[in-house]
Amino acid sequence: MKIKHVQHLYWRIGFGILPTELEKLSRKNKKAVVNNLLNASKTITPLKLDTSELDDLLSGSYEKTRENIKKVQTISRQKTKELNVAWIDRLAGTKELLREKMTLFWANHFVCEDNNYVYSQQFHNTLRTHALGNFKDFVKAISKEAAMTKYLNTKQNRKQKPNENFARELMELFTLGVGHYTEDDIKESARAFTGYSHNLQGNFVFRKRQHDEGSKTFFGRSGNFDGDDIINIILENKQCAKFICEKMYRYFVNDIIDENHVNSMVDVFYADYNIENVMRYMMLSNWFYDEKNIGTKIKSPIEFLIGIKYTVPVNFKNPKQLLYIQKLLGQILLNPPNVAGWKGGRNWIDSNTIVMRLKLPSLILNNAYISKAKKGTSDTVMETKKQGFKKRFGRHFKTESDWNYFDNQFRNVDINDLGNYILACDMNKTAGEYLKSLSKVSKQEHCVQLMSLPEYQMC
Amino acid sequence: MDRRKFLKRSSLASGLFFVPSFVKAFEQVTSSYLGYKRLVIIQLSGGNDGLNTVVPFRNDLYYKERPTLAISKNDIIKLNDDVGLHANLAPLKRLYDDGYLSIINNVGYPNPVRSHFRSMDIWHTGTDSDKYLQSGWLGRYLDHYGKHPHSAIEIDESLSLAMKGNTINAIATQDPKAFYNLSKDPYFKNIHNHQNDAHLSEHNLGYLYKSMIAAESSAKYIYETSKTVSTSKEYPNNSFGKQLKTMAQFINSGLDTKVFYGSLNGFDTHVNQLNAQKRLLKTYANGIGTFVQDLKDNGTFKDTLILTFSEFGRRVKQNASLGTDHGTANNVFVIGEHLKKQGFYNNMASLSDLDDNGDLKFEIDFRTIYATVLNKWLDVNDEKILNKSFKQLDFI
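Going down the list, the sequences are from chains A and B.
Take 1 as the starting number for the first sequence in the numbering used here and just add one per residue.
Take 1001 as the starting number for the second sequence in the numbering used here and just add one per residue.
Label pairs and their computed distance ranges (CB to CB):
# : chain 1 : residue 1 : chain 2 : residue 2 : range
1 : A       : Pro337    : B       : Tyr1132   : 16 to 24 Å
2 : A       : Asp272    : B       : Asn1387   : 39 to 47 Å
3 : B       : Asp1128   : A       : Gly214    : 31 to 39 Å
4 : A       : Lys71     : B       : Asn1080   : 46 to 54 Å
Within a straight-line C-alpha distance of at most 20 Å, the following computed SDA-like cross-link-like pairs (lysine to any residue) qualify:
#  : chain 1 : residue 1 : chain 2 : residue 2
5  : A       : Lys391    : B       : Pro1186
6  : A       : Lys343    : B       : Asn1166
7  : A       : Lys385    : B       : Asn1190
8  : A       : Lys24     : A       : Asp414
9  : B       : Lys1184   : A       : Met382
10 : B       : Lys1184   : A       : Leu435
11 : A       : Lys343    : B       : Leu1133
12 : A       : Lys436    : A       : Asn420
13 : A       : Lys440    : B       : Asn1190
14 : B       : Lys1361   : A       : Asp184
15 : A       : Lys374    : B       : Tyr1187
16 : B       : Lys1189   : A       : Thr430
17 : B       : Lys1078   : B       : Gln1342
18 : B       : Lys1388   : B       : Thr1372
19 : A       : Lys390    : B       : Tyr1187
20 : B       : Lys1064   : B       : Asn1357
21 : B       : Lys1184   : A       : Gln387
22 : B       : Lys1189   : A       : Leu438
23 : A       : Lys372    : B       : Pro1186
24 : A       : Lys327    : B       : Asp1156
25 : B       : Lys1220   : B       : Asp1156
26 : A       : Lys161    : B       : Leu1061
27 : A       : Lys48     : A       : Ala92
28 : A       : Lys440    : A       : Met427
29 : B       : Lys1177   : A       : Phe389
30 : A       : Lys299    : B       : Glu1157
31 : A       : Lys375    : B       : Tyr1187
32 : A       : Lys159    : B       : Thr1068
33 : A       : Lys343    : B       : Leu1161
34 : A       : Lys30     : A       : Glu276
35 : A       : Lys390    : A       : Trp403
36 : A       : Lys292    : A       : Tyr251
37 : A       : Lys429    : B       : Glu1202
If you want the ones that stay clear, here's a sample from chain A, every Cβ over 12 Å from chain B, calculated:
#  : residue
38 : Ala40
39 : Pro46
40 : Gly214
None of these hints come from the bench; they were simulated from the model.
Where is the CB? At the ideal position from N, CA and C, for every residue including glycine.
Put together the whole structure using the sequences plus the hints.
In structure tokens form, the structure reads like this:
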């Protein structure tokens, strides 16, 4: 497989690839590389924190007093932050790369948030479990998650007075997309989801007495449907496969849809709604490696952040700062803006996020300093300048970066070739000329320079 | 140089420095001479329940459809014999009494969409409900009439669709100092030196370069101009209050900005609406009350028009969870000194003549409000921006 194509694949289904690994993979053919990826993601490693204290509180033996509820909330807030940090670490160092990237993808599809940590951890791992599985099972599992029945109020959806929130988002955001159902479809399907609830521990409970047993008419069919029936009927509509494939295409391939390519994915996906199969098809397709798809997408903040961390392992001494950075970049894991999630693409970039993105690599890796030493002059003042930057900005982010790891990984890469490994796209002419005029003090300094370019925002 | 040009230039130049107060006073004269007008948009995200905001407390149907959610007659700030404001909107009542508030009822659009995101997009882009646009109405105002990206500023961490143009984006910033500090590394200037702007936005990388250049120059201007002013007003201690405080600082420092955008989230009240809305309306009204006072004290209120909207109202009938589901038409608040129609612009919606979903029927297309504001307040060609001709209303 061509080096460029392996890189492209790994930018999209991962967060980049290091030279040592790249060299190994480029000796294999495409099929072998893709199979490797899929095989490595066969296993499922849930991401879990110690929740014993919460489990105790939710065991039912404690009284539901104001004090206990407050305790659950306080611990939950703390644990959610910890999970965020653990997730970042997981993403930067996983063996199950495709599964983890897909989990990230689905977290912005089945968008959900809950203030009870036990429920949100369970939801989070349901995403991971089904990330490469069968989409029909996936939707059904999601509809029964405690966090989801709370988030979209299915829990309050009762026979006498249906609450339409979940039914609407199920079709609008999770399966069909706006315009492919009527207000009546929403009303009728909301009736089918009546009685959905959960117990204190977060397990699904079907409250039969709250369920509307009457006949519902949905997409022209009538019957005493329950929630699973509704999901079956929705997925019979090819539009559902199309909606999901378009989303995958925009996420993994290109912001701009190519109808032919998407339609070929839809045919694969609609056959059995197997997510792994459609991903395999996509990664093996020649069009996936078209020039127009390489280095043309804007990284999401998390892809950007993990990309840095993957190349130069960086440890945040204060985890709060890791959350703060996500906030400044416009994407906090486990804290979506609303049920539609993050819009992505050019929407990641505005005046605020662009300056933050350009400055961040130097802020966390190099005391905010980007080397500007001219060619032919040694940057004698560099160290003094760095100290100055450290004084001014160093207090903002307390980080430890493992440059030894970087040096080892890039040992066989010539400093003049570093750009080919760090950047996914060609360099803008002016930027290239400016960089040429600068002295390449060290691979480390040059790496920070490269990461401070707008080009580094692309994947 | 004629007087008009002279005044214009001197007011632009002086914004860059820490200006002595007599020049400042002079500037205020110039701005009123030149008719410098700015627009503030406040978005209530999630679909604020308009019926529990502006309450028809004599309407039996209202109490019948909302047996436990309706606001009782005793909890209302009465505006007239039939209609009152939610109890937490006292600061708005003061604006009403001063003739600074106009309430436009039953605002919506044909074939309403009850999805937050779609409906929000429709309000932001100003398009028909079955059409999709990638640019917002204020963004297109920038495209045609904005001199710089900072001609429109959103006080937030990211930019709303409303503020994204086809060729120019507005600036989003919450903290001008941090924004400036981050942007000023000379490395960034050097990587785009002599960059040819023409082809910059064609592809994603060009878009990044263009965003970077715009951010740099605006960050410097906004920071250096706005730091000349600080407010002593006590704003409510919440993020909405902080937003308004920053906005007031921008306005009072004479920033060359025509449009400001802020928002308050959390109005999606499917469950236990009463307390949530109570808290949110309090945050909104107290913030706005302080903001208006701040502008008044600095002589900038007379040139400011504040428009508050939400993507839709809620259904008339309450749901089983002591909340409300997504509805359609809603009220829009216009706040300013130059209102032609103070108080109520039109009557409340009928609660007996609802659509098939049990939602209010809309009477006023929100785009007629946009058209009016663009034409009569910002003094620009509304048709060019809205891509269509809309009737002008008579509130300003």
